[in-house]
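One letter stands for each residue in the lines below.
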Amino acid sequence: MTGRLVAPVVAVAARGWRRVVREWRRSLQLRVGASTVVVTGAVVLIIGLFLVNEISSGVLRAKRDAAIAQVDLGLQDARSTLASVDPGDISGITNALATVTTDLTATGSNAGLYTISIGTANAAVASLLSPQPPISAALRRVVQGGDLAMQYGPMPRPGAVSGTVTGLIVGEPVSTRTGAFELYYLFPLSAEQATVAIVQRTVLLAGIALVVFIALITLLVTRQVVRPVRVAAQTAERLAAGDLKQRIKVEGSDDIARLGQSFNEMAGSLQRQIRRLEELSRLQQRFTSDVSHELRTPLTTIRMAAELLHAHRADFAPALGRSAELLTIELDRFEALLADLLEISRYDAGAARLESELLDLRGVVASAVDASRVLAARHGSVLMVHAGDAPIPVEMDSRRVERILRNLIGNALDHGEGRPVIVTVGADDGAVAVTVRDHGVGLRPGEAGLVFNRFWRGDPSRSRLTGGTGLGLAISLEDARLHGGWLQAWGERGIGAQFRLTLPRRSGDTLDSSPLPLVPDETVSA
Amino acid sequence: MKPRVLVIDDDSALAEMLGIVLRTDGFEPFFVADGSHAVQAFHDVKPEVVLLDLMLPGLSGIDVCRAIRVESGTPIIMLTAKSDTVDVVLGLESGADDYVVKPFKPKELVARMRARLRHHEDLVAETLTIGPPESAVQIDVPAHQVRRQGIQIALTPLEFDLLVALARKPRQVFTREVLLEQVWGYRHAADTRLVNVHVQRLRSKVERDPERPEVVLTIRGVGYKAGPP
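Going down the list, the sequences are from chains A and B. Mapping of the first sequence onto my numbering: residues 1 to 526, in sequence order. Mapping of the second sequence onto my numbering: residues 527 to 755, in sequence order.
The reader is advised that the hints may include incorrect statements.
Facing chain A, according to a computed beta carbon distance under 7 Å, are these residues of chain B, among others [said to hold, decoys possible]:
1. D537
2. L540
3. K628
4. P629
Derived from the structure by calculation, the hints contain no laboratory data. Don't be surprised by glycine CBs; every beta carbon is placed ideally from N, CA and C.
If we strip away everything but chain B, and leave its shape as in the complex, we get (with noise of 0.2 Å):
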């Protein structure tokens, strides 16, 4: 079965040639040039990745990535020909995993794809616990579930990933290029920011408060680090 993807841009001859590379790489296109029309592609498609332009005519590709995360966790790649801070991340914040800046290289977005598309074969149930035991964080990795005090916690399968990358050691602080590696899949260093703002997402959902985090710690000038049970 091919992986689904969902091309949200509104450049035909780049839709086009994205569908050709797409399709060499083994995966199944599907477009939409329009972002009013593009919730409604997303419900059709379920794809198992999207990829944004986020400059949409109809409604632009921040709302469109806003409108899919309320919605579903489905790893969304922005296309992107501004790489400039604020742009980039308040794709981030939009609920974006990761961008790739045009002109990319076809390899460097199969790769990125790839790296969402990743599925964890480690199927051993495996249960971890975070955080100071008032507000512990409990993850069943396998079943991909999330829990605070029996609450369950909707993480998209990258803050999932983040999270149970800091959970497995827990002694250990992460660098943002090492999380950078394991989480996103880049082997070189690549912006930090990818790292930043999804811990701020991350600590949205799982801390008691964010202003205080208790789960994923921050080490000045290092990183991160799962916070002690």
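Looking at chain A on its own, in the form it has when it is part of the complex (with noise of 0.2 Å):
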């Protein structure tokens, strides 16, 4: 039953705590009203306790002397008044003491209202005269003793019948020829009580005001400085999530302004920037358009030109003929280069976009493996591919995951000496990847990180039957990174090389590991 109700009022208290702590982390504002709240309330008590703790300790101080003085005028009259008494007259005695306290009360003073107790030690008076309980026997006993005595304590209230009130006891020997009598003054401290208990309400109440005002300032001007700081933070925040109008209004001329004036110039260099740089961009993806569109349609009045000459090479003479054959081929290459350039400057230029689709990623393979086989048979080298039985659905790019893998491919026959190109397709829940593999020349040392730059040749001397651009890698690897995807490189001098292509499955995903080991199995453990 308790634990029915304990548990939604732990969870709401759990709720609000959490409140409480994100508020603070959030808010400086909150943290500095606070700070400053606890360190002045901690000075104001500080203060006010010396304070309070100093008039009283001096109020009693004076109290305390003028009772003193008051004891020692009292106490030249007693001894007068009980010199004259014969010692063994008891009623004398008595009668002198009521004397003595008639006299003394009577007597005015500067130390405020008090009452007079005798007491004695002689036991035949003892009884008349007993102080009453105010008077502690600890403190009879050193009065007893010939000395000069103060006592705190409770007394009842004078001229009242019932109540107490703190007071002052000062106690005083009186020896005499008599006997040796004890003279006590009861000073209540009522008036010193009631003038503590006064300054320590107006400390109290002046530090309270203190410490609210103090806060209320703090407020104020923290709010005068946290305002433009959060005006600032929202206006960056809207900046930064591409509204590049976005500024602050800047009032006065004082710090905050200049704040302001300071982020408004950075704002705006900032939008002139973007701007020159989209404008850039545009520039150059409008002057590869306008270039790629004015290049090939002369290209291909010339492309249908030479394969009008080709088609007819044999009707000419050996040399026309030749040279039939090699500017068709040229052309190949040419118009090969130009598309390769036009594609690698949209990827600079940024234009490039991914459309993605779910497909098979077998199918992918496949085609790019069938577009290769002619030019396998032209090497010579058999292509052999593992792909598995169950279909690998991967959101991607055919176009360009197929002109990644053809690149590979190719690249493989091309450096593959004739000797089996494999390729291998693997996948995980959250990868797949295609890994090419030749038995070739083989990449020497760091040569695996070059690979992938523009016009980077391994081996000049080669020939290359595809006549490579020597910007299909470099195309590739920008395919592969527009997928999220990895393409590296590896091989060894006469052992051959691997291309492993990896890409997350649903695009937009980031990898951590691919499916196929980089470096073959059979070198790793030979």
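Each of the two chains sits in its own frame; use the hints to bring them together as a complex.
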């Protein structure tokens, strides 16, 4: 039953606490305000305690001095009165004591109101004179010992039937030839207490008022500082989100205004830079597009003319026929180079876009392999595929992935020295990979990082049946990156090379591992 | 009778060269260089196939394509210098059946044209029905007519071929590659956007609600199939 009641209360408390913690972390104003209040509170408390303490002890000291002076005065009177009484005359003593009491009580004093009590060790009169309870036995012993003694303690409220009040009791021995007497003055401290109480109340109220005022002042001051900072933060967030027109309203010319001005200047310069870059990118794209169109139309005419000549080369003289052949072949290379240059400039301009759809990776691999069969036959290489039986659906731009694979396979055939080229497909939950392995010349140490450089040639003396443009792997790398994927190379002199393409299954995911090793297993175990 | 080809291109050298190639391959070419005269030339020539450059003075290639599509299903092949997605898709969406990217090989162009002109020798009476009964689509193959609930739907020859290919094997799922081969005549996989765009165009004509297709269904990750009757 209580458990059912307690649980929600705990939950609410926990939620509240979390909110407080969050608010504490978020709000500079709250932190500064709270710290100020705590520190001011502590300082005010210390000063207040000190003040109250000083004032009360001062008041008490003055009271005590006045009391002792009063007692000394009374002592003379009491001594002379008692000295005239015969030690054996009990009733005389009693009368004398009564006289002393009356005389002393009647005496006005600047130590305030007091009452008198007289005690004696004389057993004969002791019963009459035995002082009442507020005067403790310990005090009496000291006085009987012949010393002046003082004690603070409760005593009956003077002029009242009941109730007690804190008072100061001063006792002094009166030794006469009649006997040893003790003279006690009882000073009630009600006036002093009232004074101290007023002081305490005043100090407390003043302290609280001070803390409250300082808290208010702090809030006001921090608000003046924090508000512009908050505005700046909000504006910065909007700027970061892409709204480049955001500015801070600047008022006055203080430090905060300067912050706003600098911020606005920064935003303005940022906006100008971004505009310029956008403009540059747009111009670049436009230029690429225009160059593309302007070059391609005449190239089409040349191409058709060349094909026509090529088709009739048998009718020409041998030199003319060969020229027609060379014209066609080089035109192919020229076209490939133009296409690659345009593609890579599209990447450089940031204009490349991914057209992802969910497709079976094996189908893309198969079409890339099929497209490379003719080339493989020309090299005399066997092209083998290990792709498994299960479909491997991947979100990808099939045109780009197929282009990567065709590039890798063409590259492997070019450098494979007629030995088998093996394409392996692997997959796990988050990623898919395709490796293309050749057993040709391989790569020298350090070359694995260079192969993706534009126009890099491993061995310039090698024949290239594909007529590669030198941009293929650079474009493939960009294609892989556009997918959020990896394209990596491994190679060893005389053993061969392996290229691995790793892609996330879903576009936008981040890769952390590849389903296939980059370095082939057989070389690791060898 | 040689097939008549209307070449709409403003580059005179390319047009002349195209003329030489087309004549060599047994076509009868006609030329127009200005987009604003293209539609008139189309009326005069009555070509079997149109070659259309996208960048034209006067009326743009896209607008010419739309204008021709409004009145005729004659195959249109775009000649584009831009292989960028936006340009190609825009061209296809405006009604072009196929495209070749400059610089193309003349053989490739001729193959594309022949694929579009390939006439259906199957004149056997054949009627196909696909889609759910309440919106069933009937195809009269030899007559090249498509009806939904008795109302005739005008399809271009390409859209018709696409629909017939799907309807003939109603249980089979066609990949985009297979459709490219059967309908467009590509022997090697080409741009699958051709299929995507034309399926959209086909749906906009035969479906009651193109957003919720019943006649041509998408099989995610594989391709398309005919809706079950």
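Structure-inconsistent hints, enumerated in ascending order
Violated: none.
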